[in-house]
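Please model the complete structure; the sequences and the hints are all you need to start from.
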Amino acid sequence: MTTLTPDAPQAERATRTYPAYSRGPLARLLLNREAAVIVALVVVFVYALGNVQYFDGPLTVYNLLKEYAPILLMALPMTLIIITGEIDLSVASTLGASAAVTGVLVVDHDLSVPAAALVAIAVGALLGALNGFFVAYVGLPSLAVTIGSLALYRGLAEGLIQDKRISGFPGALRTWPTDRIGSTQYPNIVLVIIVLAVLFGLLLHFTSFGRSVFEIGLSDEAARFSGVNVARTKLILFTLSGAVAALAGVYVALKSNSVATDTGSGFELKVIAGVLLGGVSIFGGRGALHGVIAGVLLIAVLNSALQLDGQGSEVIQIIIGLLLVGSVIASNFLPRIRALLPRRAVSPEVTTKTPDNGDHTRKVAQ
Amino acid sequence: MSTSTLAPSQESAVTRAVRTVLRSRELAIVIVLALLLLLATTRRSSFVLSADGWRDTLLAPSILLLLAVGQMVVVVTRNVDLSVGSTLGITAYVTGKIFVANPDTPVIVVFLAGLAVGAVIGALNGLLVTLFKVPALVITLGTMYVLRGALTHEVGSDRMNAQDYPAHFEKLGTQQVLTIPVLTVIAVLVVAAVGYYLHTARGGRELYAIGSDPDAADLYGLPAARRVFGAFVLCGALAGLAGVFSAARYATAFSGTGSGIELQAVAAVVIGGVAIFGGSGTVWGAAIGAFLLVTINRALPILGISEFWQGAVVGALIIGSIVLDRVLSLRRTRQLVEARDHA
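Those protein sequences? They're chains A and B, same order as listed.
Take my numbering: the final residue in the first sequence is number 370, and no numbers are missing along the way.
Take my numbering: the final residue in the second sequence is number 344, and no numbers are missing along the way.
Hints listed in this document are in silico derivations from the structure and should not be mistaken for laboratory results.
The structure displayed is predicted, hence computed values, not measured ones.
Idealized CB from N, CA, C, for every residue including glycine.
Hints are not guaranteed to be accurate.
Derived list of chain B stretches under chain A, where covered just means 3 residues or more per stretch with a C-beta under 8 Å from a C-beta of chain A [stated by the list, open to error]: (1) 35 to 45; (2) 124 to 136; (3) 147 to 155; (4) 285 to 297.
So this is what it looks like as structure tokens:
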């Protein structure tokens, strides 16, 4: 038998000092995923302003934001979901289903737009909660569940609309989301995006709920043992994802003034591409909301600049694909590059926490 | 001290075979498939019993069958390949190009070309995944975009039509041997070969080992990178073959050919009881899953379910089958625990 005694090494550990170190501002900027994406966004934007004809036109930014608003919206909850190590492939189908609900209620049943929107968002939240239930409480892999619900929710949209053509939303509210704010280049939907982005940013980065999102991503089990209600957290995230996708669905319905069975189809991959480009690790546990917003905007700006430059959508597809692959490979090498670069000792005697560079790479299933 | 020795089974080979079949995870979907075919046939006998119905029943799933089997091999290693739809599109178009360049090209050459093009694309995916240790979901999402973009760039609004494919190739799409379509025969042979390899060969067993615990496989010294690379090459090659099938069956190829089919392939694998996190499942399961997925789309209108609700039924089926898989595996775990506790 050995008895545990409070021995010296522990006491020593408490006062252990690490040399404080830092790198130059440029190295720090380029070694940080989020900062790198933001820099890339600014560079591409400025380059396009100077070199792409008509990019500095009055409606470029307006059109770009109008088109990418649904992707931006859905990327917000998706960020949190991917940080927990899960994924939601059904967002675009949820968007389609809620757009269909909105269309059927407004056009066929003469409901007012706000009332129909509320019902649609409730339906979206319910669809999201269903995903969350299967993932969190039945313990199924989210990739498999949401491939199923991708088909199921799209099927609901098809069943609701059938071969009808739903178009012609009445009322002044219809154009509100795409109306410009005063004489600026920004559609009103930007206000909604900003409000939600701030809310999701606060939730992820400044609350204990947000900390538990990261904890779950690093280790489900460790999070559970440290008192995080893992199942409830995941249920909440999937429900939020469904509700926001539904909001995006209402927006798309109003924006195009019509709903079809394929409304928003294929959006899920754009959302995920934006989130991953923004520096969120597909393994979970790492990411930041401002990076994701920059990631989606980067795709949007590239898209718009290449279009104005006369390139077809295929070039844009190729570039998004290469960016995605390249950025993942690059971020894979980031820790190694970081280790190679020299550090400058600032003051060797300062007691400090080990700097958390946020490279929590884990070997788990994707 | 208890002695536990492993004695040879006292049961006859037949009993053991029956027991294996009854216990297999695939049985449930076979029953669903059989019920579906039975119901549809009682509603409308021409669904299976007419010459056309019989041919379609077997032929329609053959393309998805190939994709699902290739996907299954990748999924077993705890990876996924989302680029198979793009690969299918590229090879379907390349097939047309070959025939336009030389209408007398032997069919076998076209098949080999499809396999080769697909294998090269698979090798690219495999290289990116194994060399850079990057998650396959992201890599193949990226290559899916790149390949589809490259195809669209090359093809534009051009399309291959029936007149671009020689008559004998087009006929192959519906040709039958002993009432069984040729393409189905090839697909089933592929399934059998891959199934045999996964079930018996060392390399195949190692794929399962890698999928169930990559770290352990690594520590044990399995050539994980080489095996995963091989799985991607096989998956790409089969997607290439599926592209040739698609060209033969539909005698058409354009920039959008096969787009979206990657999710169907993953869905077939999931329905077939292949765990999405690797390490378990069979190609038979994936093949039956593909069969079921395609047959459902044909059968639902006959069963009186409006075609508009098909997608919803397919989705519910996917979710239902993974829930079933979960329930069965929980029960198995509990039985094993009980067996251990009473030992």
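The hints, checked one at a time:
1. 35 to 45: Three-residue rule not met by the stretch 35 to 45 of chain B, so violated; n is 0.
2. 124 to 136: Holds: 5 residues of the stretch 124 to 136 of chain B have a Cβ under 8 Å from chain A.
3. 147 to 155: holds (count 8)
4. 285 to 297: With 0 residues in contact (Cβ-Cβ under 8 Å with chain A), the coverage given for the stretch 285 to 297 of chain B is violated.
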